[in-house]
Structure formats: structure tokens, C-alpha cells
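Enquirer: Residues per chain are reported as follows:
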Amino acid sequence: MRSLPLGAAEAQVHLTSQTRIVAAVLAVFFMLLILDLIRRDRLQERYSVIWFVAGLGMLAGAAFPGLLELLANAMGVRNTNVALFSVVLLLLLGLALNFSVIMSRQAAQITRLAQERALEKALAEKGAEGRNGSAGEQSLQAEEEGL
Amino acid sequence: MRTLVFIPAWNEEASVAAVIADVRKALPGADVLVVDDGSGDATAERAREAGALVASLPFNQGLGAALQTGYLYALRNGYDACAHLDADGQHPPEEVARLLAEVEANRADLVIGSRYHSGAVAASGDYRPTFSRRVGISVFRFFLTLATRQRFTDTTSGMRAANRRVMALFSQHYSPDFAEIESLQLAVRQGLRVEELPVRMLERAGGSSFLTPVRSAFFIFKGLVVLLVGQFRPRQAEAEQ
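Read top to bottom, the protein sequences are chains B and D. Residue numbering for the first sequence follows our numbering, starting at 1 and increasing by one per position. Residue numbering for the second sequence follows our numbering, starting at 1 and increasing by one per position.
Next comes chain B alone, as it looks inside the complex (with noise of 0.2 Å):
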């Protein structure tokens, strides 16, 4: 029974060229997919900075190999691959959390909308039936923008 050298273990695993023109590849299609969409107003600028963002990561960590390998001895990792994917999952994650903040605002916006309109609505419908003044209507501005 032959024992591995002990030198194997601290090799470090390098991308192969293929892996890099693909993933080149890959990054320049998918900022060509985001102009695109751009163009064709079905993704708004403020949106596409960070995506934009990571086409470029994409395309740099394929040119330019001795990149990923800084990182992957920095994370303490001898696969450059592994370090790769960490930093894609981290990126992924960031992304996800950035739209759930997104999300929030928005669905805090549609609340208001919806009261502010049910309000509306709610004072039209006593207008019609009387015309009671509301007292309350100078005093409540600077109440509102006190908090």
C-alpha cells in the first residue's frame, strides 16, 4: 500500500483556462443581458449598478486568475474554486438581502398609498353629505413633521 506524499495535501487547485473563457463568457453575456433590459425599460438604472457590478467582478476574477488566488490564500482555502463560489454565495446573499430592503420600502409605500386613498375617499363621501369644516387641518402639519 503506497502512502500519498505529503507535499499533495498543500497543493493549491488552480482554475483551468477553460473554466476561465467560460466564466468570461458567461460575464460578458450577462452585461450584455443588462443593457438590455436597461434599453428596453425593463430594469431601471438604480437597480442595475450592483449587477453591473458583479459582471465586472465576474469578468476580472477570469482575466486576471492571480486575483482569486489572492482571495483563496486570504480565506485560509488552497481551492481557488471553492473560493470563487464562497465569494459568489456572499455576493448572492448581499443581493437578497438589498431587495428585501428594497421590498420593505415598497410595501410600507403601498400601505400609505392605500390609507391615504381610503381617507380620501372617506372624506369626499362626508363632504357630499354636509360640509362640516375641519378644524384641525393647519395645527396637524406641523404635528405630522414634529416626529
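Hints in this document: simulated from the structure, not taken from any laboratory. Warning: the hint list may mix true and false statements.
Calculated cross-link-like contacts (lysine to any residue; reagent style SDA-like; alpha-carbon spacing at most 20 Å) [stated by the list, open to error]: (1) B:126 - D:31; (2) B:126 - D:78; (3) B:126 - D:29; (4) B:121 - D:76; (5) D:222 - B:103; (6) B:121 - D:45.
Assemble the complex: chain B is given as a structure, and chain D must be docked to it using the hints.
Expert: Below, chain D without anything else, positioned relative to chain B:
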């Protein structure tokens, strides 16, 4: 003293008219607003027929958003005090009148009607909680008391009375998901005087509670997360800086 009583209602066509009639009898001087939370039934029509003003949310937004609509209406239309109660007939309007009296006497900014306060009288036909509900109640009671350092017995009560300070706060900040508990925590943290008053509540007229054991457990978990997060919100003094 102008007073608004508002009633959040979601698919309560069977009971809402009777509740409005009772409120108008018990509180003849108060205006009544029904916040229809995107009901699919005739809640809004029944409420209008019963003489209430109706604010209809275009789609169901949850109890918190409905209550906030009421506070917003009260604030914007210059009411001095407001109160809300459930549309299912669990809350006797005479008890709401007692809560309002506390606010109008300026003994508190926010008054909660409590089912479990030691002073609450239990009569036949009165409210008796189920087991899973009792567990949830004690958990929330414990943690809310811990968080606010003030004793609360009925953390999820939907019968409350408030003055303009509370209207101003709740119309700006009111969690849509965990309205009852978080709003208490928020009010105490903002330095408002929050008080509990023992009240009688009735067994719900129709329908069953939505709480199954699994849902209760999830509800409790969610509530604890909300309470924990709420502890990190800025207080009034800090927020103004």
C-alpha cells in the same frame, strides 16, 4: 372635546352594524369611523347603513395598517381623543367609554382595555382564552414587561383609547405585522403614559380564532423577534437629535 371611535373590520358584515349601533348608543357624542381593510363582503355597505363613515383600504393590508388609518384620520381631522375596538362584537362599547374617560381626564396618553387584569370581572359568557392562547399571552406578558419595565397583562388587546400625542406617533410608526405588542413597546419607549384598565370582554359572536398550536408557536417566535428588534429602536430624545 371631539372624540373618534374607529373600528377596523375585515369581512365582518355579520357583526359590524350591531357594533356600530352599540357604540352610538354608549358614546352618543363620538364620531364613528369604520376602517374596512379590503373586505370582500358587504362590510362597508353594512357600516354605511348603520351610520358610520367608512374608509375602505383598496386591498387587505393587515390589522396594523387598518389601525394606523384610524389614527391618521383622527390626527388629521383634529380629534382630541380616539378609541378603537374590534368589529366582531367582543368589546362592549361601555368599556370603551371608560377608557376614553381616562384619556379625557389626562391621566394617561394611551389606555389599554385588559381582559386579564386582576380587576376584570369574569361572568358567564365572558371571554375565556384557550390553552395555546394562554401560553402565548404569558410569554408576551413576560417579555413586554421585561422590555418596558412596566407591567402589562393584556398585550394583544384591540380595545384602546388614545390622545393626540399617541395619534401623532402611531400615524407615523405602526408595525403592520405585530401591531399590538410593538406599539405598546414603542409608546413606552417614547415616554408616553400607557395605562391598563380592567375591562369585560365577551366571547366572540361567530367564527373561530385563527390560532392553531403551530401557528401560535410561530406567532410567539415572530413576536419575540419583533420585541428584540424594538429594543434597538431610537428613543424619542435620541431620535430628535
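Enquirer: Now tell me, hint by hint, if it's right for this structure.
Expert: Hint-by-hint comparison with the structure:
no. : hint          : verdict
1   : B:126 - D:31  : holds, 12 Å
2   : B:126 - D:78  : holds, 15 Å
3   : B:126 - D:29  : holds, 17 Å
4   : B:121 - D:76  : holds, 14 Å
5   : D:222 - B:103 : holds, 19 Å
6   : B:121 - D:45  : holds, 14 Å
In terms of the numbered hints stated before, the structure departs from none.
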